[in-house]
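Sequences are here, hints too, so could you generate the full structure?
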Amino acid sequence: MVNWLNDRERRKTMTHPELSTNNLMNDVMTQCEKFYYQMGPFSALTEFEKASVERDIRVKISHLSELSKGYSHVAMMYLQVALGNQKEVSKAFFETLNYLDNSTIYSNYASHLNCLGFPKMAVQVLEDYLASTPAAMSVIVLLSNLYKGMGAFAKDAKLMETYLKSHRPQETALQEYLVSHGISPEETEQYFTLVSNYFLAQRIEHYKISRRIVKDHDDKDWLCTEFQIEDELSSDQIHSINLGLSSLLASSNLSKKASEHFITQIY
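The sequence shown begins at 1 in the working numbering and counts up by one.
Note that these hints are calculated values from the structure, not bench results.
Take these hints with a grain of salt, some might be off.
Stated by the list, open to error - Cross-link-like lysine to aspartate or glutamate pairs, in silico, DMTMM-like; alpha carbons within 25 Å at most:
#	residue 1	residue 2
1	Lys-220	Glu-205
2	Lys-87	Glu-205
3	Lys-91	Glu-226
4	Lys-257	Asp-216
5	Lys-87	Glu-54
6	Lys-220	Glu-161
7	Lys-120	Glu-95
To be verified - FRET-style restraints, in silico, Cβ to Cβ:
#	residue 1	residue 2	range
8	Asn-85	Asn-242	34 to 40 Å
9	Val-59	Lys-120	42 to 48 Å
10	Asn-242	Asp-221	29 to 35 Å
11	Glu-186	Ser-246	18 to 24 Å
12	Asn-22	Arg-55	20 to 26 Å
13	Ala-157	His-206	33 to 39 Å
14	Ala-173	Phe-48	49 to 55 Å
15	Tyr-37	Ser-62	19 to 25 Å
Yeah, the Cβ is synthetic: ideal placement off N, Cα and C, and Gly gets one too.
Printed below as a string of structure tokens:
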């Protein structure tokens with residue numbers, strides 16, 4: 001028999017705001033992983049039981065979205081993996097990119113593609129990411145393991161030889177900048193959530209994100225986040241969007257240290 005939350009426990013989960021995001025996220029991950037194996041070809045679950053488990057997970061994800069939009073999309077990605085919905089996995093993954101600037105998302109996505117039996121797609125996801133973004137060591141290690149598992153030892157050797165030399169210093173610099181200025185991952189997520197919601201309100205659907213450290217005329221370092229909009233907009237529209245976002249960030253409850261050190265450019 002499947003263990004899922006009864007109505008009383010579900011209400012308790014929904015009415016305790018002190019339940020931390022991480023604890024709720026871990027709870028959803030654990031239940032999704034268990035559900036994944038229960039949904040196998042020899043599943044003993046009835047359709048009613050499957051629907052009940054899925055409903056309970058979705059209730060938790062709904063509550064999680066109130067705490068963190070980014071993590072709720074990651075959780076939805078896990079649920080779709082458990083259900084075997086490859087298209088929905090991809091959709092949930094791309095939703096996470098609007099909220100979380102974290103290479104762990106790519107690692108999770110590639111790992112689950114591999115679990116679903118698509119190792120070549122998993123490799124392609126990581127290769128595309130590394131081609132344009134300085135990634136964390138977790139991405140490099142995962143891609144290396146996938147290469148080895150596929151017998152692509154030459155690619156693995158080239159990865160370890162060339163990537164670490166050219167990209168790792170920039171990733172380290174970004175992390176050191178955030179730590180040195182006391183900017184937490186939660187503040188970074190809040191910043192990206194504000195920008196994403198603003199873009200949604202402006203009906204901007206397609207854009208790329210890049211981050212780099214720049215120096216001003218006083219040789220002071222700043223973290224520059226650039227958003228390259230791929231929708232067709234005029235220069236006047238871009239200018240208006242820049243002004244609107246600047247006003248929004250200035251009036252938001254984003255911490256002063258984060259708002260001061262995050263330079264935002266849209267083009």
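> So which of the earlier hints does this model not fit?
Replying inline: Violated hints (numbers, rising): 1, 6, 9 and 10; every other hint is consistent with the structure.
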